[in-house]
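Peer 1: As they're listed, the protein sequences go chains A and B. All residue numbers for the first sequence refer to the numbering used here, where the first residue is 1 and numbers rise by one. All residue numbers for the second sequence refer to the numbering used here, where the first residue is 107 and numbers rise by one.
The set of hints was computed from the structure by calculation and includes no laboratory data. Glycine residues also receive a C-beta, built at the ideal position from the N, C-alpha and C atoms. Every clue listed holds true.
Keeping only pairs whose Cα atoms sit at most 25 angstroms apart, straight-line, the calculated PhoX-like set for lysine-lysine is:
#1 B:LYS147 - A:LYS15
#2 B:LYS147 - A:LYS9
#3 A:LYS73 - B:LYS147
#4 A:LYS22 - B:LYS147
Now the in silico label distances, taken between C-beta atoms and shown as ranges:
#5 A:LEU10 - B:ARG218: 22 to 28 angstroms
#6 B:ASN176 - A:TYR39: 29 to 35 angstroms
#7 B:LYS170 - A:LYS73: 36 to 42 angstroms
#8 A:LYS65 - B:LYS120: 50 to 56 angstroms
#9 B:ASP133 - A:ILE56: 20 to 26 angstroms
#10 B:PRO146 - A:GLN45: 16 to 22 angstroms
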Amino acid sequence: AQRVTQPEKLLSVFKGAPVELKCNYSYSGSPELFWYVQYSRQRLQLLLRHISRESIKGFTADLNKGETSFHLKKPFAQEEDSAMYYCALPGQNFVFGPGTRLSVLP
Amino acid sequence: GAVVSQHPSWVICKSGTSVKIECRSLDFQATTMFWYRQFPKQSLMLMATSNEGSKATYEQGVEKDKFLINHASLTLSTLTVTSAHPEDSSFYICSANGHYGNQPQHFGDGTRLSIL
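Put together the whole structure using the sequences plus the hints.
Peer 2: Below you can see the structure in the form of structure tokens.
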């Protein structure tokens, strides 16, 4: 069965510090994963997808099939990065992780 | 980019009434739309998958007679909360993609439903 876990409900870092939001998945097959971001009072929006291998707003994520992980990383966090981040796994259904609230402190 | 419009954005109504929420894909045809429910400070919970021209597929524990879904065209899906009660108060979000398979979802702004 598809499953996505995000072990941290809340992650607080200081501005300029590196940040890593963890995501692990279980899926039988070759997965394609996404990271979605929801800023305060805004709609959920796609941040990045592993297949595109691009960096959006300084964030990157690498799919590690051995560890079944798709952690989101940014070397230098900014205050405007404060938001809810959801890891998602498409398939028969679209499954979201529980989300991690990132708080970047000044 | 692809836009999904959801209406209304906020609705308050009395217990026992039925409420219809619309989800439209504005610049693309959506063969599949998804309806989610989000409780405060919690993640999205998939309620059902809406397929154009066929019956919706409901997730376990979601009452299909309570949450009626109609996907009559490639650009419109509706969710009707029938005989709504205070426990149905929540944030409902729809999303859509235009293709089968692993495509990213485009989300509506959500509808905040408050049942008095």
